[in-house]
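Participant: For chain A, the structure is supplied; the task is to place chains B and C on it using the hints.
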Amino acid sequence: MLDIIQTVPIDYFVYLSTLLFGIGVLGVLTRRNAIIVLMCVELMLNAVNLLLAAFSTYLGDAQGQIMVFFIMVVAAAEAAVGLGILVMIYRNTKSTDISLLDNLKY
Amino acid sequence: MTLAVFSILAVASVLAALLMVFSKNPVHSVIYLILGFFMIAGLYVLLNAQFLAVVHIIVYAGAIMVLFLFVLMLLNLNKDNEPKKSALWKIGAAIAAGALTVTMVGALKGGMQLQQATPNSSVGLVENLGKQLFTEFVVPFEIAGILFLAAMVGAVLVGKRDLKL
Amino acid sequence: MQSLLPLIPFLPFAGFLINGLFGRRLPKTAVGLIGSGTILGAFLLSLAVFSDVRNGTAMEQTLYTFLHVDSLQVQFAFLADPLSAWMMLIITGVGFLIHVYSIGYMHDDEGFWKFFAYLNLFVFSMLLLVMGDNFLMLFFGWEGVGLCSYLLIGFWYENRAYGHAARKAFIMNRIGDLGLLLGIFLIFNTFGSLQYREVFEGVANYQNNAWIPTVICLLLFVGAIGKSAQIPLYTWLPDAMAGPTPVSALIHAATMVTAGIYLVARCSSLYALAPHALEVIAITGLATAIFAALIGLRQNDIKKVLAYSTVSQLGLMFLALGMGAYSTAIFHVTTHAFFKALLFLGAGSVIHALGGEQDIRNMGGLRKALPVTFWVFVIGTLAISGFPLLSGFFSKDEIFAKTYEHSGALWWALAAISGLITATYMGRLLFVTFFGEFRGTEAQRAHLHESPAVMTIPLIVLAVLSVVGGFLNTPHFLHLGGSEWLSHYLAPALARPATPETHVLDARTEWLLMGITTVLALLVLVLAYAVYVVRRNVPVADSAMQPIARLLANKFYVDEAYDFLFVRPLEKLSKMLHYYADIQAIDGVVNGVGRASQLLGAQFRKLQNGNIEYYLLAMVVGAALLVGSLFI
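Protein chains in written order, with the working numbering: chain A, 12 to 117; chain B, 125 to 289; chain C, 11 to 642.
This is chain A alone, in the form it adopts within the complex (with noise of 0.2 angstroms):
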């Protein structure tokens, strides 16, 4: 079944990945509701992870999977601690509104 690698030139994958992160980015950017947000960060995580895996199969190597491996692990860490977090907050400040979140200035 690796005849992917001789009808899909790589650079679709690249241009994929790249998409998906850059409608990640705009999400993060434009959502006001942080649980948005992190959803938004889990699909730029995802973008890389795809880039990934697609260039571990088409140089044949399995570090890049191992890779991908590996920011899974991250990515489910993070993202648990980070619902705690904003759990915590949301008892704090009634609203998971991230422009509540202003008192780290000068």
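Calculated directly from the structure, the hints in this document are not laboratory data. Idealized CB from N, CA, C, for every residue including glycine. Some hints could be false.
Listed below are the simulated SDA-like cross-link pairs for lysine to any residue, each with C-alpha atoms no more than 25 angstroms apart in a straight line [what the hints assert, rightly or not]: (1) B/K209 to A/L70; (2) C/K378 to C/V474; (3) B/K214 to A/L56; (4) A/K105 to B/D286; (5) C/K378 to C/V536; (6) B/K233 to A/L70; (7) A/K116 to B/W213; (8) B/K209 to C/I622; (9) C/K378 to C/E452; (10) B/K284 to A/V59; (11) A/K116 to C/I622; (12) B/K284 to B/T225; (13) C/K124 to C/R35; (14) C/K378 to C/I467; (15) A/K105 to B/L199; (16) C/K38 to C/L57; (17) A/K105 to C/E623; (18) A/K116 to C/V536; (19) B/K233 to A/K116; (20) B/K209 to C/E623; (21) A/K116 to C/G620; (22) B/K148 to C/Y625; (23) C/K582 to C/L562; (24) B/K233 to A/Q17.
Computed footprint of chain A on chain B; a stretch qualifies when at least three of its residues, placed anywhere within it, have a C-beta under 8 angstroms from a C-beta of chain A [stated by the list, open to error]: (25) 127–135; (26) 151–164; (27) 170–182; (28) 192–201.
Okay, the calculated bits of chain B under chain A, using three or more residues with CB under 8 angstroms as the criterion [claimed, not checked]: (29) 140–147; (30) 222–232; (31) 246–253; (32) 265–279.
Facilitator: Using the frame of chain A, we list chains B and C on its own:
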């Protein structure tokens, strides 16, 4: 035929991502993201990264997204009524994101000579990955375990109501 | 003997150090003894030096090389030739007498030890001035005496007016010093050295155009104007009477003010190259002599009269210098030191007896209460007026004769007029102070007493010197066994007189001139007696003066003119500069830098506005830029 499948999966994932970003209801956003994850899992399968595809679905779609949904339910955010951002901000964000995308495309594309002696078809298989993981990458593997421990402890602590340990 | 030469100035310097550092803890007797003893020692050593250089040879002693920059080499060295030896004698001799007098006069003062320290420092500086063998040493001493003058005039510093007087003296001196410095620079530029011997050798061989020596001489004379209180820089000297009377006697009568005369006499060979400069000197001297004498006619402070008298006599000395009669000028310096110090110390005795009173309108009839003071004051007055056979008679007459020789009858007449005015105001001073009824308060009358011996003995010594001092330089024609000793003694050190031999006066003209001035002076004294004693005329109070008298009493309003012309504009300029240059420009720049960094910081601070979305945007933009710059 592979190209067609790839195109469909790609378009679907992009659409899912867009819908997720621009959806008003956060629950809808979560659903769309799950959809997007499934599409990406399909792409993994296309790349013969079977282990990765399965793990992807289990971890992301099965665990992380469920966690998101739980939190949404906890915060009772079924209807999002966040104030709208100014148009200027949105345009600025779009330009920034677009710039980043274009820059990265420019950086990554072209001039990539992929020399593969023989397409190694067993790269994505579990045994292969397992062998690599437990020989070359055993230290990061163990450290990942410690990372999880730290994350668990952190999440429990952060989520406590009162701070008496 | 040569190696003892440095000891002469360093004895007073040692006295200054001891009294200055330890005088506060020493008993007053010890302070006075140390202060006077060092001067006595210097005087005895000066006598020894004098006897060695009498035959005309000079002594030199170099201590060390003071300055060596490129082609300029200046030694810290002493020169003892007839001129400097004579000045040393005057300085240490009269200085010693004044030191002894001060032991009595300043006895009740808290700053007794300070006074003697300053006086010793002054004598040290003055000795450096006259003993130096190059112009830089002279300048050292010049500045040193200026400093000591400031310290001593403002001795009673708690009184603001005295401090202002001291400041005025120093500043006016400084103006003159600028001229002196420029002259010294030009001397170095023209002759390549600052040492007297080398400069005067260069002068002897000088062939270039005459305007350089003229400029040098005029610049040096500017310095002399400042130091010796000639027009226009004389107004500090009357104000300097704010200092204690011994200071007035030593510094502003006998020694410091004669530094200018010494300078011109020392550079006599240089002045021989510049006859125009000599003319300027003569005109200035004559004008000052008459001008100051006129002001002295209507002054009512006993010390101010004597101050203007000093200015006037200095004018006569400069007139003599201008006539090329350098040894005559030094002769008058000598006799003037005697009788002016005598008059000042006598005035000090009067002030001491009256408990600080200085206005002669509140004095009178003191001759019975203060006999010694009265008689020495009479001698001093007669000496300065030119009473026959006293010291002033010989020296003034010689000046008048040389004036007639050099410039003719008109100048002689003007000089003689200044002499007559001198006799007038001195007579007025004597008669109003010592004759008639006592016009002071009852408390003062009860307190009247003659001064103690420590004050009267120097007075007597000075009186004796005022009487016999004239015989130092009696002219030939008087056939009194006169030998013109001083002129011959000083001749090796001075240039030849300007008048060529053919113009020497014959004996008949000299007798005639002398006779006229003497008779007129005596007449004036008798007139003064008539006015102030017989007719009991007393100088009136300030408000009741006639217009001309008021003009004279207010010193022709010169001080006010200076204030208006120079002081006020300078103050305004200073204020303006302070505001524009200091506050606005310099402070503005310095504060501006601070303010700019504050503003910049304030702007940069706005980056940290706490807004998460803003931070995220910044991150994305930064990442884009980073990727773009690194990979494209």
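Participant: Against which earlier hints does the structure fall short, listed by number upward?
Facilitator: 1, 10, 12, 16, 18, 19, 23
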